[in-house]
Amino acid sequence: MDLFGLLHLDELSHGLANLSMFPYFDIAHYIVSIMALREQPGALEVSRVSPLACWFSSMLFCFGGAVLSGIMLAEPVVAPLSNSTSILLASITWYLVFYCPMDLVYCSAALLPLRLVLSAMKEVTRTWKVLGGVIQAHGKFKDSLLVMIANGWAKGAGGGLISNFEQLVRGVWKPETNELLKMSYPTKITLIGAVLFALQQTHYLPLQTHHLMLIYTVFTVVNKSRMMLTGSSASPFAVIESAVYKTLFTGSSPYAALTDETKNRCIDHGATNGATSTAGTKEIGENGAAVKKTPVSPVKGQSGSLKAKEESENADKTDCKKKK
Amino acid sequence: MDLFGLLHLDELSHGLANLSMFPYFDIAHYIVSIMALREQPGALEVSRVSPLACWFSSMLFCFGGAVLSGIMLAEPVVAPLSNSTSILLASITWYLVFYCPMDLVYCSAALLPLRLVLSAMKEVTRTWKVLGGVIQAHGKFKDSLLVMIANGWAKGAGGGLISNFEQLVRGVWKPETNELLKMSYPTKITLIGAVLFALQQTHYLPLQTHHLMLIYTVFTVVNKSRMMLTGSSASPFAVIESAVYKTLFTGSSPYAALTDETKNRCIDHGATNGATSTAGTKEIGENGAAVKKTPVSPVKGQSGSLKAKEESENADKTDCKKKK
Amino acid sequence: MDLFGLLHLDELSHGLANLSMFPYFDIAHYIVSIMALREQPGALEVSRVSPLACWFSSMLFCFGGAVLSGIMLAEPVVAPLSNSTSILLASITWYLVFYCPMDLVYCSAALLPLRLVLSAMKEVTRTWKVLGGVIQAHGKFKDSLLVMIANGWAKGAGGGLISNFEQLVRGVWKPETNELLKMSYPTKITLIGAVLFALQQTHYLPLQTHHLMLIYTVFTVVNKSRMMLTGSSASPFAVIESAVYKTLFTGSSPYAALTDETKNRCIDHGATNGATSTAGTKEIGENGAAVKKTPVSPVKGQSGSLKAKEESENADKTDCKKKK
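Protein chains in written order, with the numbering used here: chain A, 1 to 324; chain B, 325 to 648; chain C, 649 to 972.
One thing to keep in mind: the hints can contain errors.
DEER-style ranges, computed between Cβ atoms [said to hold, decoys possible]: (1) A/236 - C/813: 37 to 47 Å; (2) C/883 - B/412: 30 to 40 Å; (3) B/412 - A/236: 26 to 36 Å.
Don't read these hints as lab results, they were simulated from the structure. Beta carbons: idealized from backbone N, C-alpha and C, even for Gly.
Turn these sequences into a full structure, and let the hints steer you where they fit.
So, in structure tokens, the structure goes:
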């Protein structure tokens, strides 16, 4: 492409494409992922009660994409375990993040400048994972765009997509929330990446692989850094999403009134349900004791783990500061 | 077989066996399946909040059999995605059923005569799916009757059997109900079909494939039409089931008294549980606010989604009429 | 090894290694497993309401290891169904344990001497399953220690590890408990066995296969018998576990205080939750009606199904005696 040649970006993109993820970028991915797990509500308690469940959860955060892709393509889901070096690195990271004396590792990595660098490095690994997934599916299902997108998405955002089952390992069950019902930013950006790389691989998108890798990587890194620095969780696609949504999915007029209402509250399956539930809790609370009905209240469900995960990456946590 | 020759049914059965499911019967299957999803409680709200979750749920309704069979036989579960034409047809159907302006498509298809024809056509596809599953398992596990039955059943009634996980996509979780605990009519008829075709393929049943296809198809279509026209959801096997049940599964006398009782109430795991739960709700209700304890009340669980799905196919929904 | 030759144990270990599990040991495994299922809360009711769900649950108890291993290695999960003889034996056992007239089979097998022998025989099958799993993984993933351990563990303790999903078949859902969060004795001993056999197969443990089989089998059988006779459920590894735990997983001082506390209560995700929940129930109870909030109360969750399963094998149930 001429533009790339003109801007002398060709060499840069070649250099990026030849970059090895192992070990530095992989380690950054493990650190950021396991820190996101640690910041889930209840995760620290699980790490004390059952280190094994905590380790397994961490591995699902780190290798969830490979596991999900394995299920989808009928390849051994234990395959990530066979890569001893990666597992060893991830396990050491897990141990240091959760059990390091004085909590040194977590507190250092949670400092904004370091977290910014680590998160940016993690974003770089996303490009490689999405592309790897797309190419793998391309090899198995010749020219099936949807399979390529699905596998690229699974590889890149696997940890989020299987989060219901990852939570189950830790004894948490939040059926009312999942990444398909309410997509987080990382899942969205990965889906877009999977679509772009699938189009590029099938030559519908007239770009070279390394050029697209450069564009996508720069976009994700810049966007992630911007979100972390401004503390904003606003999606850069909000306008497009809203336009597409309004054009395509509000055609059936009898339900148009419903739409805004449903968007404002948690998917609660019946407004009365949500309303009386809260009222009921309050009523009993006035009797002297609050009743927690399910492990997850509707409100907690809304600002649930996935969002927490996403947000946790945007803000410097104050946990460590308090301790000092 | 002489009887078939005598009744000149040989040609008819050959004609049926050579019938192509694509595209008309497939489309009927998609329309009826996606309408069944739309009639699930909460499905319309999900379609507004997250079109992607709604689309994924629809695909599980349409291709659930292929997905379940893929898991069982360790073949890629994304394989249905690789059939672009089917996915495209199912997606268009999904879009029209959920988002068509004025809700034209759903309201037309919900009219009894049209729904009757579509449901009958969907029943025809069942024969092909069950037979396909049996033959596929026959090729992989030579002469293993149970695997053939399991795979034929999975292919033909997959959407129902994985309904717990399909609901999870929409944020609904009803662990107290599944197709094994309380089989719906479509699941039952598919199981019978799978047994018959497995016996026929292993030559225990002295019939030719196309003859059995004719018999089974006629039976399912006639039975379905009868159920829709009379509005009855009575299983045609109720008498046999009851006899088998009484003969085989009530032998252990100490529990005989338990049996009738347990059949009458929801599987509630402890009578006291169910009783006090209802009492508790009422008690609090009198205090001014009803408490909805779990996303699904025991009563709702009983008349839950699977039954709703089954019933929804038997009766002409009044939704559209109200709007007029 | 000289010690084995010296003690004339070489022939004994060869004899053990050549022992066929089929049919006597397999039948003992089926009987003990299905009795454990029958002793789960609610299982008897399910057996009356839906014999099919009960049968499917029983098969998961008997062949759960093969199913889990199939999922992990991307091999057909229906494979156990293709072994007609095993399925037939397990099905007959299931029928006799649940539906035998006068409940003769269950009551006889529940007598301590017979149960002791059956449980000891079941422990013997564990050795074969773990070794089988380790060897199978060794063949597929050359020298990957972790995959070998994982597959050996899955094969030997599969029924426990997938218990959440086995319960789902019976309409029970207990997300707050799983074998990773709170390992039962059988799961622990299987994990240790998987580690030992994996080390032995990769020659890190300088023992011959049949010698390790003898040592491991004797250890599990003796330990199981001791636990059943003394009624103790104390793990023989409690001291080692405690030492390892204190050394490795309490490094991060700010949470040290948390540790003991969290171990004493159910993993409840918030002390307040657990506390107020109990208080709330009591409060309402005083109003005249107890409220059962979720299908499983936190207390029941703690002494939940997996522990019940384990304990049920240690004590002679008094069920049958009452009836006499």
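Verification of the supplied hints:
At roughly 39 Å, the beta-carbon separation of residue 236 of chain A and residue 813 of chain C lies within the given 37 to 47 Å, and the hint holds. Separated by about 57 Å at the C-beta atoms, residue 883 of chain C and residue 412 of chain B break the suggested range of 30 to 40 Å. About 30 Å separates the C-beta atoms of residue 412 of chain B and residue 236 of chain A, a value consistent with the hinted range of 26 to 36 Å.
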